[in-house]
Amino acid sequence: MSASGGSAHSFVELTDIVKIYTLGEVEVRALDGVSLTIDAGEFVAVMGPSGSGKSTLMNIIGCLDRPTTGRYVLDGIDASSLDKNQRAEVRNAKIGFVFQNFNLLARTTALENVELPLLYSDRLTTASERRTRALEMLHRVGLAGREGHRPSQLSGGQQQRVAIARALVTDPAILLADEPTGNLDSRVSEEIMAVLQELNEQGRTVIAITHEPDIAKFARRVVAFRDGRIISDQPVSDRRIAQRKESVA
Amino acid sequence: MNIGWMRVANIVKVGLQSIGRNKMRSALTMLGIVIGVACVIAMVAVASGASSSIQAQIDALGTNFLMVFPGTTTSSGARMFSGASNLSVEDAAAIRAECPAVAYVSASAKTSAQVVAGELNWATQVQGVDVDWPFIRSWNLAEGDFFTSADVRSATKVAVLGRTVADALFPNARAVGETLRIKNVPFHVVGVLERKGGSTMGQDQDDTIIAPYTTVTKRLEGHANAAIIYVAAISPNRVGEAKNEIDLLLRQRHRIGPRQDADFMIRSQEEMASTAAASSKTLSVLLGSVAAISLLVGGIGIMNIMLVSVTERTREIGIRMAIGAKGRHVLAQFLLEAVVLSVVGGLIGILLGVAASQLIARYAGWPVSLGAGPILMAFGFAALIGIFFGFYPARRASALDPIDALRFE
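Sequence lines, in order, name chains A and B. Numbering of the first sequence is given in the numbering used here, commencing with residue 1 and proceeding in unit increments. Numbering of the second sequence is given in the numbering used here, commencing with residue 1 and proceeding in unit increments.
If you're looking for bench data, these hints aren't it; they were derived computationally from the structure. Heads up, some of the hints might be wrong.
[To be verified] The calculated lysine to aspartate or glutamate pairs, modelled on EDC-like cross-linking and capped at a C-alpha distance of 20 Å, are:
(1) B:K326 - A:D122
(2) B:K13 - A:D65
(3) B:K110 - B:D247
(4) A:K84 - B:D401
(5) A:K217 - A:E179
(6) A:K84 - B:D404
(7) B:K183 - B:E119
(8) B:K13 - A:D122
(9) B:K326 - A:E89
(10) B:K196 - B:D145
(11) B:K157 - B:D132
(12) B:K326 - A:D65
(13) B:K13 - A:E129
(14) B:K326 - A:D83
[Claimed, not checked] Residues of chain A placed beyond 10 Å of chain B at every Cβ, according to the derived structure:
(15) T37
(16) G41
(17) P49
(18) G62
(19) V73
(20) S80
(21) E89
(22) R131
(23) Q158
(24) R187
(25) E198
(26) R221
(27) I231
Think of the CB as a built atom: it goes at the ideal place given N, C-alpha and C, for glycine as much as any other residue.
Kindly produce the complete structure, drawing on both the sequences and the hints.
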């Protein structure tokens with residue numbers, strides 16, 4: 001299976017997105033008129049200091065939250081008008097999440113963790129189909145043979161690979177990584193970025209949120225945020241290619 | 001394959017997985033329901049065992065059975081219960097002669113005595129009755145014969161023994177034909193009654209000696225009045241009629257006006273039965289409510305643990321929601337967990353309850369009776385409690401916002 005698409009229509013299309021949080025009496029404009037277009041097959045790093053609105057943007061792109069005003073179209077679907085259940089379906093089918101702290105289920109094997117999104121999906125309905133698919137994903141991130149391990153038995157880098165396998169298992173339109181290397185040392189970080197780069201080369205759209213300029217250099221394009229607005233949006237000129245320690249098929 | 005059913009199967013799988021991952025917590029949560037259900041079953045078994053044994057004894061007595069007791073007398077304006085009975089043997093004879101709804105009548109006098117046979121002795125009660133008595137009590141003889149009307153007329157010293165007395169005094173021999181002494185008066189044993197067992201009040205009914213009432217009043221007691229008159233109506237549906245006839249007749253004979261208090265009481269078996277039934281019902285309600293409360297406490301335990309579990313697993317809920325679980329998936333998962341805990345707890349409780357009631361039957365010697373009804377009811381109730389007390393925590397879990405849930409530490 002490959003990432004859907006091929007023609008360069010916009011996958012993520014944000015138009016005048018405003019997100020206002022009300023904290024008691026105070027209104028906080030976390031996003032203040034953001035417009036952004038990301039095409040299929042891109043690898044975009046979203047940068048900015050904490051409080052700049054990048055996490056809010058990630059929540060909106062990931063259909064975890066809705067903008068206060070503005071329009072968000074994801075792969076042809078107007079995601080700004082979806083209700084709670086529809087957003088859950090979109091998250092399941094179109095978005096693969098990779099989190100800073102991995103967010104794997106404890107006391108649950110790597111295989112079961114990877115299978116998890118399929119339990120909430122209409123596709124791959126039999127247990128053996130799910131298992132085959134999950135094993136394939138684990139193999140793809142270089143964890144063949146570790147399917148029976150629990151998160152506590154895996155290193156940080158291995159846990160993040162399980163998380164990436166889980167994100168890929170439903171063949172999503174975009175891979176949304178929130179500080180994917182935030183809890184990892186630089187050597188392991190590079191391995192994870194290698195996995196993301198390889199997936200991108202295979203055609204997957206990747207959006208990574210980070211505050212580390214070094215990590216952003218693995219992407220092809222960097223969008224910088226400050227105070228809820230985009231302050232720069234440019235291709236990466238001195239792109240780093242991550243060193244692959246293990247082959248990622 | 002049907003997708004809807006596959007989804008249900010997935011949710012079931014998810015729910016079972018999380019029970020399996022928290023075995024200790026699951027076991028402790030179940031314990032409340034286990035104890036609750038076991039309690040209900042054991043209590044119901046004891047209560048319904050008690051009431052069915054009472055009912056069996058009442059049925060054994062016969063529903064056309066009436067007793068006339070001596071009541072209060074009024075002498076010089078003071079109402080009192082006189083120790084001496086005011087029911088005479090003639091009253092009994094009059095009832096037999098003049099009440100058409102009455103089939104059998106037996107005057108009865110009772111005394112306690114130390115009974116001696118050879119080297120053995122036994123303390124028991126001696127009942128003096130008439131020849132109708134075996135028909136009134138539906139009590140047959142195991143050996144020998146009952147005494148005759150001639151024995152009653154001539155106050156012959158003959159006795160019929162209850163099984164307990166026969167076994168106590170003549171352990172190695174047939175009692176019939178032997179002689180025993182009651183208050184130093186020698187009696188000839190003519191028969192032994194069939195075993196009857198314990199009574200409603202827990203007395204051993206077989207611990208008795210039956211003799212002609214004339215013999216008892218004249219030779220053992222020295223006064224001629226009857227303590228109780230036993231009556232059997234012609235049929236169960238003529239008991240009321242018989243009661244009215246006896247009431248009228250005795251008022252007439254004792255010269256008591258229709259509006260005055262009678263100096264006797266007539267009690268039908270039915271009235272005694274309903275008293276017994278009422279008290280056994282009180283027992284059932286009492287035991288049942290104690291058990292129901294313990295089941296309720298078990299249910300609250302489930303809710304408590306499920307609420308803790310939802311808080312503890314907020315992050316897990318957030319992860320599940322982020323990767324596509326809808327509110328109802330999370331609701332179903334937690335509800336299923338609660339229901340599985342209560343159903344499995346209920347099943348273990350049934351086993352424990354059945355075992356407990358068998359132990360009660362064996363070691364306490366109480367009659368227990370256990371039907372499928374109470375078992376199914378306790379089980380269904382446990383499942384309902386799981387749904388009821390599982391719903392609120394499950395609802396809370398499903399209403400969580402995925403962003404907040406993911407951020408929860």
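Taking the hints in turn, this is what the structure says about them:
no., hint, result
1, B:K326 - A:D122, "holds (13 Å)"
2, B:K13 - A:D65, "violated (29 Å)"
3, B:K110 - B:D247, "violated (23 Å)"
4, A:K84 - B:D401, "holds (10 Å)"
5, A:K217 - A:E179, "holds (14 Å)"
6, A:K84 - B:D404, "holds (15 Å)"
7, B:K183 - B:E119, "holds (15 Å)"
8, B:K13 - A:D122, "holds (16 Å)"
9, B:K326 - A:E89, "holds (8 Å)"
10, B:K196 - B:D145, "holds (17 Å)"
11, B:K157 - B:D132, "holds (18 Å)"
12, B:K326 - A:D65, "holds (14 Å)"
13, B:K13 - A:E129, "holds (16 Å)"
14, B:K326 - A:D83, "holds (11 Å)"
15, T37, "holds (24 Å)"
16, G41, "holds (23 Å)"
17, P49, "holds (19 Å)"
18, G62, "violated (7 Å)"
19, V73, "holds (20 Å)"
20, S80, "holds (16 Å)"
21, E89, "violated (7 Å)"
22, R131, "holds (12 Å)"
23, Q158, "holds (18 Å)"
24, R187, "holds (27 Å)"
25, E198, "holds (22 Å)"
26, R221, "holds (25 Å)"
27, I231, "holds (25 Å)"
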